[in-house]
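On the provided structure of chain A, position chain B as indicated by the hints.
Listed here are the chains, written in short residue letters.
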Amino acid sequence: MKLAIVLAVVAVMVVLRLVRAGLLVWLAAWWVGTYAVLRYGFVTPIPASALHIFMAITALSLFAYATSSRERMRATYEPVLAFASESRFTLPLALVAASIPGVVAWSVYQGLQQPLQPPYFGRTVHPSPPAEITSRGEKVDLARAANPFRNLEKTDVQAFRRHVENGRRVYYRNCFFCHGDDLGGAGMYAHGLDPVPANFLDSGVLPMFQESFFFWRIAKGGPGMPDEGAPGDSAMPEWERMLSNEEMWDVILFLYDDAGYRPRALEAVGAEVAH
Amino acid sequence: MPPISRRHEASSWVTLALALAALPCFAAPAPDLGTDQQRQAGKPLYDRHCSQCHGEKGDGLGVAAPFLSPKPRDFTSGKFKIRTTPSGALPTTQDLKAIIRAGMPYTAMPGWPQFNDRQLTDVAYYVKSFAADFADPDRQPEPIQSPPVPAISGESIGRGKKLYEELGCARCHGETGRSDGVAAPTLTDDWGYLIRSADLTRRWTFRGGPTRQEIFRAFSTGLNGTPMPSFVDALTVEQRWDLADFVYSLSPRDSPEYATLLVAKKVARELDLAEGAKLFEEAEPAYFPVIGQIMQPGRAFHPSCNGIAVRAVYNETDIAFELRWNDMRAEVTGKNGPELAVAAAEDEGDEPAAAPPAAEGGGGWGDAEAAAPAAEPAAAPADVWGEGEAGAAASAAVPQSEFSDAVAIQFPAEKSLTIRKPYFVFGDKGNAVNLWFVDLAKPEPALYVGRGSDSLEPLGPRDLTVTRGYDKGEWTVVFKRRLRSQGEVTFEEQGFLPIAFSVWDGLAGERGNKRGLTNWWTVYLSPDEKPSLVREMAKWGGLAFALEVVFIGWARRRAHNSAGS
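Protein sequences appear in the order of chains A and B. When we follow this note's numbering, the leftmost residue of the first sequence carries the number 1086, and every step to the right adds one. When we follow this note's numbering, the leftmost residue of the second sequence carries the number 6, and every step to the right adds one.
This is chain A alone, in the form it adopts within the complex (with noise of 0.2 Å):
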């Protein structure tokens, strides 16, 4: 995120605040300053497709809004009725009547000059998962179900270090040719992928879920995600057709090892399950 430009919006904000402005001027106000943070105030631009359909989001939000009421409706339409009547602003009226096709002949403009774009399909980074999975003959209870080696690091530390150590080497021997040889994602083989293999440093990953959460990710892989999840595309294998389910335990216990995190309390996720 640009923080110049969402504090810049905000400013505008508290300056309307301020000065008391009207029903019509918010959703102006709203719809501009939503266009400017997705456009401009993100370090990565989002595609155009995805922005206009944002913004159609974000246009028909306010229409709703705007005729949500009476006294609303009133509040919007009068002011426009006004200005394109009232013979005081014929003047700017002719102005903006005058400027309203330039701006549509410019945006053409631009929208033919833009590079084409293949259409664009918002994924769910993190679809949720079934209720229960079968890896490798093993029936595994995703919602209750935890690292069965996580214990070990209170009752037998040597063993639980055995078992990350194990850990390391299914990730050097098979996962760091995606996700790279320091988590972040940028392994040899991540430039020719789309979508992009996930970075395990990132605080939106590991700390936000359980581990089993990510055991059925790695069982499963792309293929196991649901639609939404773009199942077609992820180049995440099915690690349960090559790795063993401890394995694959360990390599969990690795990822928070190296990484620096801790997995997602078993209450903290029930809690939420429960509100």
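None of these hints come from the bench; they were simulated from the model. The beta-carbon is built from N, C-alpha and C at its ideal position, and this holds for glycine as well. Please note that a few of the clues may not be correct.
Interface residues of chain B toward chain A, partial, derived using beta-carbon atoms under 8 Å [stated by the list, open to error]:
id	residue
1	A113
2	F120
3	L266
4	V268
5	K271
6	Q301
7	P427
8	T472
9	Y475
10	T523
11	G547
12	I557
Non-contacting residues of chain B with respect to chain A, defined by C-beta distances greater than 10 Å in every case (computed) [what the hints assert, rightly or not]:
id	residue
13	T98
14	A239
15	A346
16	A446
17	D468
18	K477
Okay, now just chain B, sitting in the frame of chain A:
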């Protein structure tokens, strides 16, 4: 710490004494081994970030090593590829820091830009502690002078081309630099592993970097441990710059500029495959990255091909795709197929220490992952480009592979440009793909419907036609089909379709699942006429104006009416 460092400590004292004694006579650089503290600070960094490949003892036998090609460097050998120092010499500390920071493109060696200068220094000193040679006062490296960079010109490129021919670079790198020299299939490194001569038409893959200075350095210093010789004595500085300019000119651009979209161009004429490359003249090429098939058993951790260039044209009835990729040698006997089985053992990598490369005459590419022949250490430069026949004979000594080269294009069987595409590795149970496959040892292409790589069904003969040619290290294969074909993917003007590719190098034993492939990318059939800019702008601008007029008119009448009433 282990004895290594004690030894070094002792020897560094000796060295220091020697260096001091020698100081008045000649100023040989003293071994630069860093302080104990620096090496100790380097160790945890190394153990955590490097040992999984290079091994805890620096011997190149880390856990990942069996799965890598080229193999991680054995630091105890003291042989380093990228240096500023003469052939055979050790690198300077600065050299090591530079290569650790930059990494080696298209190998498993990652760059470490995230290390700060102190960390780089510490880890470099620790790396040096693995080879006793670094402490040897007689082996202290002195960088080759790097002269200022002259301007590149058409003449310098021309002169470089002549040198390239005279010096026999083509024996290893091929006439046009595509790594297809007659001796290319026989090259091994000092550790006995087969090694590819660099593809000079893809300078972004150079281990030491793609700039003119870096290319200049590569053949000024040679790449220790590999057959790539140094030409510092054979050539003057000017000649080396000419050569660098020529090599530089062989690549079309600085970076691969990988595409995500292939635009098929509409043409008015018949798609006559006899026209060859001319048929595709007006079409924009798209260059897609090819990576190893490591998603399913039968993995290819390091496929031969790393990119495929594609162009497409179509007319009212047909569409044609041209696929081009570099291949060290055409394998046009033997067989290949997307469904051929790969032995489970091939999936396991090779333990470099446990299974020392077997000397089996020539044919080692067949199981490049498994073992490499080590007849002799790499030939000395003089042998390699001295006489003419040896290389050709050597190449013939690497027999044709049991497997032929092959290529395939893949489309979803049903038009499905949605978030749910068929799985890109030959489809899945619910979502089939069409595979246009050609075994380059056979005249006819083959069609498959894929529902997963273990479920490929051949489709009967269809209207798919194919032409192919192999020229100077490059395969060109053209597929042509009608836009519509019963029971297969349909092409529509202004339509987007997912598209993917697979490439098999027979010489490396690639077959079935063991191959290079691409993710899904997109092909677009662009209409023959681009909408005219001015007309489009006038159209939409005019429409906006008309709407305004209507709206203002309506608003005024309404105001007028309500004022009247």
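To see whether the hints hold, each was checked on the structure:
no.	hint	result
1	A113	holds, 6 Å
2	F120	violated, 11 Å
3	L266	holds, 5 Å
4	V268	holds, 7 Å
5	K271	violated, 14 Å
6	Q301	holds, 7 Å
7	P427	holds, 5 Å
8	T472	violated, 27 Å
9	Y475	violated, 24 Å
10	T523	holds, 7 Å
11	G547	holds, 7 Å
12	I557	holds, 5 Å
13	T98	holds, 23 Å
14	A239	holds, 34 Å
15	A346	holds, 15 Å
16	A446	holds, 27 Å
17	D468	holds, 27 Å
18	K477	holds, 26 Å
Consistency with the previously given hints fails for numbers 2, 5, 8 and 9, ordered from lowest to highest.
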